[in-house]
Amino acid sequence: MSRGLVFENLEKDLSRFGKYVIQQSRSRLTRLNHNDTKKLYDSLSFKPTVSKNSFNLSFFMANYGRYQDLGVKGAERSDQAPSSPFSYKLGGKKPPASAFERYGKENNISPFAIAHSIWSKGLKPTMFFTTPFNRAFKKFPDELIKQFGLDIDKFLESTLNEKNA
Numbered sequence: 014m015s016r017g018l019v020f021e022n023l024e025k026d027l028s029r030f031g032k033y034v035i036q037q038s039r040s041r042l043t044r045l046n047h048n049d050t051k052k053l054y055d056s057l058s059f060k061p062t063v064s065k066n067s068f069n070l071s072f073f074m075a076n077y078g079r080y081q082d083l084g085v086k087g088a089e090r091s092d093q094a095p096s097s098p099f100s101y102k103l104g105g106k107k108p109p110a111s112a113f114e115r116y117g118k119e120n121n122i123s124p125f126a127i128a129h130s131i132w133s134k135g136l137k138p139t140m141f142f143t144t145p146f147n148r149a150f151k152k153f154p155d156e157l158i159k160q161f162g163l164d165i166d167k168f169l170e171s172t173l174n175e176k177n178a
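Per the numbering used here, residue 14 is the first one in the sequence shown, and the count goes up by one each step.
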């Protein structure tokens with residue numbers, strides 16, 4: 014049987030990291046009242062990929078999740094999200110009023126007024142994803158090094174046992 018370097022512990026740690034970030038991100042969405050339709054909440058997922066030469070952890074979410082997380086500078090003001098990489102432009106597209114129909118109806122506000130206000134003033138960042146990710150990442154490198162070492166030890170042990178058999 015051919016044995017490659019299989020990073021079992023590393024894959025478990027990547028999965029644990031991903032689950033924590035997703036769970037905390039969903040909790041923050043709910044706590045911040047940004048979970049009306051659950052579309053963004055339900056779209057959050059991750060996928061760990063471990064091969065013999067590399068490892069990767071990818072996170073996925075609905076496209077508008079990035080704007081919710083990092084905010085958007087307004088076309089007329091940028092004080093809502095001054096450090097956001099996203100911005101509305103004067104004369105540019107406004108957010109679609111249809112995105113605010115349910116909220117507008119529930120709160121007796123015109124969806125067009127909401128869309129215009131967001132376009133003009135911007136969208137305040139929620140950091141629903143960034144905060145949990147950064148917290149988890151601060152703890153992760155030590156665990157990663159430890160688990161990576163355990164996996165290499167396992168590999169060397171199995172390789173030596175195979176050669177001695």
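Calculated from the structure, these hints are not laboratory results. There may be inaccurate statements among the hints.
[What the hints assert, rightly or not] Restraint-style ranges between C-beta atoms, simulated for each label pair:
no., residue 1, residue 2, range
1, G104, R148, 35 to 45 Å
2, S71, L45, 23 to 33 Å
3, R44, D155, 48 to 58 Å
Note that the Cβ used here is the ideal one computed from N, Cα and C, for glycine as well.
Quick one: are R44 and D155 within 48 to 58 Å, going by C-beta? violated, 28 Å
Do the Cβ positions of G104 and R148 conform to the proposed distance bound of 35 to 45 Å? holds, 40 Å
Do the beta carbons of S71 and L45 sit within 23 to 33 Å of each other? For L45 against S71, whose Cβ atoms are near 24 Å apart, the range 23 to 33 Å holds.
Hint violations for this structure: number 3 only, all remaining hints satisfied.
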